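Keeping the supplied structure of chain A fixed, place chain B with the ligand upon it in accordance with the hints.
Residue numbers (this note's numbering), protein chains in the order written: chain A, 1 to 173; chain B, 1 to 237.
These aren't lab readings, by the way, just hints derived from the structure by calculation.
All values reported here derive from a predicted model rather than from experimental measurement.
Careful, some of the hints might be misleading.
What the hints assert, rightly or not - Just the calculated beta-carbon pair ranges, DEER-fashion: (1) A:17 with B:84: 37 to 45 Å; (2) B:176 with A:158: 47 to 55 Å; (3) A:117 with B:186: 28 to 36 Å; (4) B:24 with A:145: 52 to 60 Å; (5) B:85 with A:138: 31 to 39 Å; (6) A:159 with B:120: 30 to 38 Å; (7) A:152 with B:85: 21 to 29 Å; (8) B:189 with A:117: 21 to 29 Å.
As the list claims (entries may be wrong) - Non-contacting residues of chain B with respect to chain A, defined by C-beta distances greater than 10 Å in every case (computed): (9) 2; (10) 26; (11) 43; (12) 143; (13) 146; (14) 218; (15) 219.
What the hints assert, rightly or not - Chain A side only, calculated, beta carbon under 8 Å to chain B, not exhaustive: (16) 62; (17) 92; (18) 93; (19) 98; (20) 100; (21) 103.
We put the beta carbon where it would ideally sit given N, CA and C, even for glycine.
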Amino acid sequence: MLTVVADPGSVADSIAALVDRQCADTLTMAAALVDAMPPGRAAPLDALGDADLEAGLIQPLASLGATLAGLVPQHRRIVLIGTMAGFGQWHASLSAGFAAGATGLMRSVALEFMREGVTVNMIALGDMDDRQAVRAAGLAAVLLQSDAMSGQVLPCDGGDNLRMTQARNRPLA
Amino acid sequence: MRPQALVTGGAQGIGRAVAETLAAQGWQVVAADRDEAALGWVTDHADTVTGAVIDVTDAHDITRVLDAMPAPDVVVNCAGIAAQLLPLKQIERGAFEQMLRVNTGGTFLVAREAARRMQGGAIINIASRGYLGGAGAAHYVASKAAVVGMTRAMAVELRWRGISVNAVAPGMVETRMIADFTPGMRERLTRLEPSGTALQPDTIAGAVGYLASPAGRALSGQVLLVDGGKSLGVYPC
Ligand SMILES: NC(=O)c1ccc[n+]([C@@H]2O[C@H](COP(=O)([O-])OP(=O)(O)OC[C@H]3O[C@@H](n4cnc5c(N)ncnc54)[C@H](O)[C@@H]3O)[C@@H](O)[C@H]2O)c1
Chain A
1 MLTVVADPGS VADSIAALVD RQCADTLTMA AALVDAMPPG RAAPLDALGD
51 ADLEAGLIQP LASLGATLAG LVPQHRRIVL IGTMAGFGQW HASLSAGFAA
101 GATGLMRSVA LEFMREGVTV NMIALGDMDD RQAVRAAGLA AVLLQSDAMS
151 GQVLPCDGGD NLRMTQARNR PLA
Chain B
1 MRPQALVTGG AQGIGRAVAE TLAAQGWQVV AADRDEAALG WVTDHADTVT
51 GAVIDVTDAH DITRVLDAMP APDVVVNCAG IAAQLLPLKQ IERGAFEQML
101 RVNTGGTFLV AREAARRMQG GAIINIASRG YLGGAGAAHY VASKAAVVGM
151 TRAMAVELRW RGISVNAVAP GMVETRMIAD FTPGMRERLT RLEPSGTALQ
201 PDTIAGAVGY LASPAGRALS GQVLLVDGGK SLGVYPC
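Looking at chain A on its own, in the form it has when it is part of the complex (with noise of 0.2 Å):
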């Protein structure tokens, strides 16, 4: 059973519909893909306002926290669909600020239910196209169906950030 935490439409649920196709038949414990998108518009530093604080970080950071609270510790395999903006971005102070955030909150409740038998992880998506939501597909399938690892941020971006040049990307939309 695939519990899915994401707005209809978003990339994180385009993701699950094709996880959900995959290996709903094959999960043997509750699971949960959790969107954890950065949602703060794209800018540069000097042009984010007090609201873009709130809405692009606060809120959505401390929604994250509330959500993988309420997932743990029944859904004992749970994947957030998040970005490589962490990592650092152009123009995303707080989008980076959001996905490190995020990475935080992920490793630490791994960290707190790790005995309970729960795994949580991360896959950080590069530039969007059609290829690389089926390639966060099927790694989201393997780390749903395996506790071989737990607080670990997998890149998903065919080996880009190998260029080192991911930091003058665009932010994902």
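Just chain B with the ligand now, kept in the frame of chain A:
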């Protein structure tokens, strides 16, 4: 004119040690904090340090303090709050938001307002080793991990303007922050330290002093883990 530094959270603990260290290294320092009484220490250093009352969650307050000083060359975001260890499910929404508003939002607002005025220099954000994850303080961890993410993005953006942005992630440091923990929590955390004791604020200030120096500004977007090796999983003695 001595180069100018703004240190938030400068009333005590790590912030005070940073302000004293920078002053000794030739900086003119504004130590800004919301705790006016605790800022009294600056009177003994009147030539090199002045105090300013600030709430880092209030952009107007930040603007007022920055407008009253020459453009800073170095900004150290040290103001912060912590919490008692608490299971995830017991962290209230309001407490989660407050943690983010002070630790992450405060760092964001001060950096943004300072960057508007800076002509090169360095922004140094005090995160925490906890940013790597820790059971029982999910909101504190999230707030500090977010500081690290912001540090990297700001570094990407501001390097073209000659501003380096780095973070220092301290392990456990002997300050009021940990004095406020329950004895049980303090003992538990101290036992996990590789050296069996907490670090001193001066040790953290030394790392900040390096990042503020010309050599230190060659670093950008980095996190200096000043934690006695705890993050390597070093076995405590
Ligand atoms: N002490 C530790 O073990 C430790 C470890 C890792 C990171 N840190 C971080 O180091 C920084 C300094 O902590 P410390 O240990 O010196 O604690 P401290 O409590 O001694 O000092 C923190 C200072 O920040 C000020 N402050 C809090 N909220 C503020 C606000 N809204 N506006 C302005 N000032 C505000 C307080 O008045 C205080 O003077 C914090 O960001 C903390 O999270 C501390």
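How the hints compare with the structure:
no.: 1; hint: A:17 with B:84: 37 to 45 Å; result: holds (42 Å)
no.: 2; hint: B:176 with A:158: 47 to 55 Å; result: holds (48 Å)
no.: 3; hint: A:117 with B:186: 28 to 36 Å; result: holds (31 Å)
no.: 4; hint: B:24 with A:145: 52 to 60 Å; result: holds (58 Å)
no.: 5; hint: B:85 with A:138: 31 to 39 Å; result: holds (38 Å)
no.: 6; hint: A:159 with B:120: 30 to 38 Å; result: holds (35 Å)
no.: 7; hint: A:152 with B:85: 21 to 29 Å; result: holds (24 Å)
no.: 8; hint: B:189 with A:117: 21 to 29 Å; result: holds (26 Å)
no.: 9; hint: 2; result: holds (27 Å)
no.: 10; hint: 26; result: holds (28 Å)
no.: 11; hint: 43; result: holds (34 Å)
no.: 12; hint: 143; result: violated (7 Å)
no.: 13; hint: 146; result: violated (3 Å)
no.: 14; hint: 218; result: holds (17 Å)
no.: 15; hint: 219; result: holds (13 Å)
no.: 16; hint: 62; result: holds (4 Å)
no.: 17; hint: 92; result: holds (5 Å)
no.: 18; hint: 93; result: holds (5 Å)
no.: 19; hint: 98; result: holds (7 Å)
no.: 20; hint: 100; result: holds (2 Å)
no.: 21; hint: 103; result: holds (6 Å)
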